[in-house]
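J.: Here's the letter readout for the chains.
4 protein chains.
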Amino acid sequence: MRVGVLTGGGDCPGLNAVIRAVVRKGVKVHGFDFVGYREGWKGPLEGLTMELGIEQCRGILPRGGTILGSSRTNPFKLDNGVERIKDNLAKDGVDALVAIGGEDTLGVATRLADLGVNVVGVPKTIDNDLSGTDFTFGFDTAVNIATEAIDRLHTTAESHHRVLVVEVMGRHAGWIALHSGIAGGASMVLIPEQPFDIEDVCTKVKDRFRSKYAPIVVVSEGAVPMEGGEMTLVSGEKDAFGHVRLGGIGDRIAAEIEQRTGAEARAVVLGHIQRGGTPTAFDRWLATRFGLQAIDAVAEGDYGKMMALRGTRIDRVPLIEGTGELKLVSDEEYAEAQVFFG
Amino acid sequence: MRVGVLTGGGDCPGLNAVIRAVVRKGVKVHGFDFVGYREGWKGPLEGLTMELGIEQCRGILPRGGTILGSSRTNPFKLDNGVERIKDNLAKDGVDALVAIGGEDTLGVATRLADLGVNVVGVPKTIDNDLSGTDFTFGFDTAVNIATEAIDRLHTTAESHHRVLVVEVMGRHAGWIALHSGIAGGASMVLIPEQPFDIEDVCTKVKDRFRSKYAPIVVVSEGAVPMEGGEMTLVSGEKDAFGHVRLGGIGDRIAAEIEQRTGAEARAVVLGHIQRGGTPTAFDRWLATRFGLQAIDAVAEGDYGKMMALRGTRIDRVPLIEGTGELKLVSDEEYAEAQVFFG
Amino acid sequence: MRVGVLTGGGDCPGLNAVIRAVVRKGVKVHGFDFVGYREGWKGPLEGLTMELGIEQCRGILPRGGTILGSSRTNPFKLDNGVERIKDNLAKDGVDALVAIGGEDTLGVATRLADLGVNVVGVPKTIDNDLSGTDFTFGFDTAVNIATEAIDRLHTTAESHHRVLVVEVMGRHAGWIALHSGIAGGASMVLIPEQPFDIEDVCTKVKDRFRSKYAPIVVVSEGAVPMEGGEMTLVSGEKDAFGHVRLGGIGDRIAAEIEQRTGAEARAVVLGHIQRGGTPTAFDRWLATRFGLQAIDAVAEGDYGKMMALRGTRIDRVPLIEGTGELKLVSDEEYAEAQVFFG
Amino acid sequence: MRVGVLTGGGDCPGLNAVIRAVVRKGVKVHGFDFVGYREGWKGPLEGLTMELGIEQCRGILPRGGTILGSSRTNPFKLDNGVERIKDNLAKDGVDALVAIGGEDTLGVATRLADLGVNVVGVPKTIDNDLSGTDFTFGFDTAVNIATEAIDRLHTTAESHHRVLVVEVMGRHAGWIALHSGIAGGASMVLIPEQPFDIEDVCTKVKDRFRSKYAPIVVVSEGAVPMEGGEMTLVSGEKDAFGHVRLGGIGDRIAAEIEQRTGAEARAVVLGHIQRGGTPTAFDRWLATRFGLQAIDAVAEGDYGKMMALRGTRIDRVPLIEGTGELKLVSDEEYAEAQVFFG
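Top line first, the protein sequences correspond to chains A, B, C and D. Take 5 as the starting number for the first sequence in the numbering used here and just add one per residue. Take 5 as the starting number for the second sequence in the numbering used here and just add one per residue. Take 5 as the starting number for the third sequence in the numbering used here and just add one per residue. Take 5 as the starting number for the fourth sequence in the numbering used here and just add one per residue.
Calculated directly from the structure, the hints in this document are not laboratory data. Be a bit skeptical, because a hint or two may be false.
[What the hints assert, rightly or not] DSSO-like mimics (lysine-lysine), calculated; alpha carbons at most 30 Å apart, straight line:
{"id": "1", "chain 1": "C", "residue 1": "331", "chain 2": "C", "residue 2": "208"}
{"id": "2", "chain 1": "B", "residue 1": "331", "chain 2": "B", "residue 2": "81"}
{"id": "3", "chain 1": "B", "residue 1": "216", "chain 2": "D", "residue 2": "331"}
{"id": "4", "chain 1": "C", "residue 1": "90", "chain 2": "A", "residue 2": "216"}
{"id": "5", "chain 1": "D", "residue 1": "32", "chain 2": "D", "residue 2": "210"}
{"id": "6", "chain 1": "D", "residue 1": "95", "chain 2": "D", "residue 2": "32"}
{"id": "7", "chain 1": "A", "residue 1": "81", "chain 2": "C", "residue 2": "216"}
{"id": "8", "chain 1": "D", "residue 1": "81", "chain 2": "B", "residue 2": "210"}
{"id": "9", "chain 1": "D", "residue 1": "208", "chain 2": "C", "residue 2": "216"}
{"id": "10", "chain 1": "B", "residue 1": "95", "chain 2": "B", "residue 2": "32"}
{"id": "11", "chain 1": "A", "residue 1": "95", "chain 2": "C", "residue 2": "216"}
{"id": "12", "chain 1": "B", "residue 1": "81", "chain 2": "A", "residue 2": "32"}
{"id": "13", "chain 1": "A", "residue 1": "32", "chain 2": "B", "residue 2": "210"}
{"id": "14", "chain 1": "A", "residue 1": "216", "chain 2": "B", "residue 2": "210"}
{"id": "15", "chain 1": "C", "residue 1": "81", "chain 2": "A", "residue 2": "81"}
{"id": "16", "chain 1": "A", "residue 1": "32", "chain 2": "A", "residue 2": "90"}
{"id": "17", "chain 1": "A", "residue 1": "90", "chain 2": "C", "residue 2": "32"}
{"id": "18", "chain 1": "C", "residue 1": "81", "chain 2": "C", "residue 2": "95"}
{"id": "19", "chain 1": "B", "residue 1": "81", "chain 2": "B", "residue 2": "95"}
{"id": "20", "chain 1": "C", "residue 1": "210", "chain 2": "D", "residue 2": "90"}
{"id": "21", "chain 1": "D", "residue 1": "95", "chain 2": "D", "residue 2": "208"}
{"id": "22", "chain 1": "C", "residue 1": "81", "chain 2": "C", "residue 2": "32"}
{"id": "23", "chain 1": "B", "residue 1": "216", "chain 2": "D", "residue 2": "90"}
{"id": "24", "chain 1": "A", "residue 1": "216", "chain 2": "C", "residue 2": "81"}
[To be verified] Beta-carbon label-pair distances, calculated as ranges:
{"id": "25", "chain 1": "B", "residue 1": "37", "chain 2": "A", "residue 2": "208", "range": "48 to 54 Å"}
{"id": "26", "chain 1": "D", "residue 1": "35", "chain 2": "A", "residue 2": "34", "range": "25 to 31 Å"}
{"id": "27", "chain 1": "B", "residue 1": "215", "chain 2": "D", "residue 2": "91", "range": "53 to 59 Å"}
{"id": "28", "chain 1": "D", "residue 1": "35", "chain 2": "C", "residue 2": "314", "range": "23 to 29 Å"}
{"id": "29", "chain 1": "C", "residue 1": "266", "chain 2": "A", "residue 2": "330", "range": "28 to 34 Å"}
{"id": "30", "chain 1": "A", "residue 1": "217", "chain 2": "C", "residue 2": "6", "range": "29 to 35 Å"}
{"id": "31", "chain 1": "A", "residue 1": "76", "chain 2": "D", "residue 2": "88", "range": "53 to 59 Å"}
Beta carbons: idealized from backbone N, C-alpha and C, even for Gly.
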């Protein structure tokens, strides 16, 4: 049996650990051959392959990135995309595919499975917003990086009486902000699921200064002001201090806080350092176990499934379960930690 | 309402995070007062108290150790131990206790609960061997420290053609060894649940050298040779205190490997660095949530319970469930990762 | 003898280590008393003091920030600033001052020394741009944080064929960029001392992609385009991709690279995480030794001096030597590592 | 011109950075060819070579170990060792050698240089005990690892009233112990250069407990008791290989402290984790600059020299200067930090 492997979407610590586990168990236990498809769905679409065996997987466990490369190519948006993939799989003698990726990559996998392609999926997102699994790998690494950054900023905030706004990843879901905010001892956590009132944020900033502690505000990149609580500084304008304070939500919140409270505020945008580099032990363990389970699913012909962490077990759930709906922070989960915030 | 808090047993990253969460929610939401009992059960036994409020908990979230101190005192092994505890609780006006600790500390809590003391427990062990909960805090930190050590040793093993034996914590359960062995890409993992054959270990060492890779053997401190596979080098004498100080299992395995294979072997015993210092983000998050749930249990009069992680939820389970039986690595869990080992 | 201590300017890992060393040796060896002046020169100006003894310095060695607080107050810019300082020192019975700070703080110290105030200075700047000393504390921490960030970004750059622009601190001097660029294996390092040609940067980006490696460009916040090599996207405008790409030099360079080369480019602005949190071992060692030497200078009445690292020795140099002229990256030092760049 | 490169002796973070810099500048600037000699002096002795060019050096900068492998082979202890080396160099067309190593490796280089071999040396020792240079690469990494370990142990010592003895590397010189002891806030530092009185150590342990702080004792592996202050507990027997494996100095001191003071004491022996894994930024920078200077020395025919850090400059000094005499901690350097100890 010959199995193709591909990785799609943004970078995520643990991708190589999945690939290594898939290949190692595939070769050693199931006696499979492998084809590496390069750059996500572009690989089977354009026939971009690379040799993939135990040798190629040596030493990659602790390394970020993906030896297969990645892209955001979506075959369903291209002419004859599906046909070209089927043709290339046939030409390469590939019987089954392991697709490792997030919402988009697995969305393609789901549709291909419906069209008869033998595919199993491994969920990947540092945002942790895929349904059907307790956690995805990469998330723990991102949360640790954000938490270390918050740890570092605490002393600056205290010693210099500054407000520090930390913008973390999370377009649709606030998991990284919530977990790193709890772990880092933030004063406030603003997430996409709970639109904020900028005036309320500023009140809490002033309260915190009154009790002599400098505030750290953790904000998801996708956080938005609520209706009636809009920010008034227009993106691109200079703020009251003459700084051009622009771009993302973190910078804008810092500018508003300065203008409304008079306290110095600075934004730190963590950006891509959250999604690169060596994975934490948890992410390597989870990614490895996803990989082992995925190749077992292939061996059993259990296609159309996605690997999922449930407690400490790795289960298989229908692909559609993981990609149907985003997993958001619930009201209860957001409320749980409010006693530390504000 | 007045609540006592104590921490017992060995050091564990996250203890302060639990204390902070208990106190903060207790004061802010439930309007409770707190008494800090110092040095585990010795505190209520001997009336060792300290002030405990929001102020005492500032800045402790990222810090290892416990502001309450700890001990291994067991009141059931002392004359009138239980009476003295009840008397001191009454004298201090304490209505309920939050006991944070491992098997021993929670074992005492379980028996005190049976005797009518209002107590809730928070499970603590870096070994992760308490039943009833998916994970305990401190474990993730220990696994990350062990994994980083293994990462560092890889290059030395490769460049210098040496066998490196890494001894990690785990007297009865091999969780730290198994998780760090998977995450660190070890060649072998020896755990208490699976007695090893030293000759088999040496065969695998030689095989690995034959394929040009230097082996890293991760071993739990409680690992033991199987019958018929005993080690033959005599271990160190007992010292003046009756401790067999010299030559833990790691050192002994390294010595046997050298003798039997002729390859240079060195042991690294990680010891106490696994249980001190700042907790990982996961452990801070878990410890914080355990603390929040524990004080809610007190507020609801739901005594005799232990906090437990189930998936991503914090549940309460009967104390007896956590302390009745150790949670060991199952045959399946050990088998799962064997494809990387040997 | 009674000694005042103050810390001025921006945050810098190692400030607490200096304070601890000054106080500990002052008390234990020289038998001095101490007064802590809060918030830089604002402290002696407004009589803001705090108790400062061995007890206040317990546990602060590994902590970022400064227990004395800081500010950018300059007494020479205020009415009667110098008189008020002299009056307060007299009122507090302070015989000598240890001033820990950067160019501005030590500039004030230099002028006060000329006016008869007994002051010794300890140089502090994460930018490493103070003359007279091989290194300043805080710099090594900043370089390590930047290097770890670059390490993390490498895998993303490779796996996703992106240009990553990392903006590090350094308004006037490129030391952090140069050291972290060498240590992180950057493809290019742009520093204030060497104005760059944006077209040349883009050529090198294309060359690097041609040899199949993704470029990482490290840029000091103070880097500037050379005459004739200006960037053309106006700050604040949308770029060719519709992104509002603004603000700092890092963002602007990324935008220009995207527009001119067609390659995806992202900027990561490390900001304040470079100047907070626990110091590296080197910075703790250097800060501690500066503190020990500073209090010895006080004990010897050797005022008007600044502590300086020369090789492995701590020397004392005239304050004016440290503050007279910025220490910039020389042409030779920039040229030395060019073989890795471009 | 064709240049051989070899690495000898124990593992040391930064070896790969030197190799990369030598090769990159050698190829790009000087137009040299390279031969990699494997496993130290064994390489040119037995003709063990590997291809070495820019391609082989990609991605190795942040990696511990050495792509060339290492050994402790000494050609002067073997029959016709020198002749065989000269023959192999001639056969391989090698005009000059860059030897990277410690006392032994450079000692061989020194003698070969006297015998007419064109060789330049790069000093390598995590112990930092080579003369002629302010620091050697690998040392900063080792000190940081030791310091992080001490940081972790502090909370355990405090919370559990334990004495913790940390054994660090340093057979002949106490540099790692001294620097990490200062940086980690140790209570005592015992080094080979200053024989200790065990009774004095125990008195200080008791004093420290009396002032309510738990002691951390940092000890070099080569520390020895002074005459009249011997330890009385017998250490472990020799094992079958004649190694006294059981009970290094750390374990023995902990045992003595327990017996003499009644306080619980534990030893942590850091061992090989100090010499593996990714180098710090400082070590990468230093190693890189050593490599650049070494290949320039070759290009200039300036043989018989060793690279040396002097302040912030890289100088060349006669090989004999580095290997003639060990660089030990002076009485003044040991005395400097005593105010923190005891």
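J.: Each hint needs a verdict: does it hold in this structure or not?
T.: We went through each hint and held it up to the structure:
1. C:331 <-> C:208: Within the cut-off at roughly 29 Å; holds.
2. B:331 <-> B:81: holds (25 Å)
3. B:216 <-> D:331: violated (37 Å)
4. C:90 <-> A:216: Distance of about 29 Å is within 30 Å: holds.
5. D:32 <-> D:210: violated (61 Å)
6. D:95 <-> D:32: Answer holds: residue 95 of chain D to residue 32 of chain D is near 25 Å, not above 30 Å.
7. A:81 <-> C:216: holds (27 Å)
8. D:81 <-> B:210: holds (29 Å)
9. D:208 <-> C:216: Violated, at about 61 Å.
10. B:95 <-> B:32: holds (25 Å)
11. A:95 <-> C:216: Holds, at roughly 27 Å.
12. B:81 <-> A:32: Answer violated: residue 81 of chain B to residue 32 of chain A is near 53 Å, above 30 Å.
13. A:32 <-> B:210: holds (19 Å)
14. A:216 <-> B:210: Violated, at about 63 Å.
15. C:81 <-> A:81: violated (65 Å)
16. A:32 <-> A:90: Holds, at roughly 27 Å.
17. A:90 <-> C:32: violated (79 Å)
18. C:81 <-> C:95: Roughly 22 Å separates the two Cα atoms, so the pair holds.
19. B:81 <-> B:95: With Cα atoms ~22 Å apart, residue 81 of chain B and residue 95 of chain B stay inside 30 Å; holds.
20. C:210 <-> D:90: Violated, because 45 Å separates the two Cα atoms, which is more than 30 Å.
21. D:95 <-> D:208: violated (62 Å)
22. C:81 <-> C:32: Roughly 37 Å separates the two Cα atoms, so the pair is violated.
23. B:216 <-> D:90: Answer holds: residue 216 of chain B to residue 90 of chain D is near 29 Å, not above 30 Å.
24. A:216 <-> C:81: holds (27 Å)
25. B:37 <-> A:208: 48 to 54 Å: At 26 Å between Cβs, range violated.
26. D:35 <-> A:34: 25 to 31 Å: violated (51 Å)
27. B:215 <-> D:91: 53 to 59 Å: This hint is violated: roughly 32 Å between Cβ atoms.
28. D:35 <-> C:314: 23 to 29 Å: Hint violated: Cβ distance 38 Å, outside 23 to 29 Å.
29. C:266 <-> A:330: 28 to 34 Å: holds (32 Å)
30. A:217 <-> C:6: 29 to 35 Å: At 31 Å between Cβs, range holds.
31. A:76 <-> D:88: 53 to 59 Å: holds (58 Å)
In summary, the numbered hints that this structure violates are 3, 5, 9, 12, 14, 15, 17, 20, 21, 22, 25, 26, 27 and 28.
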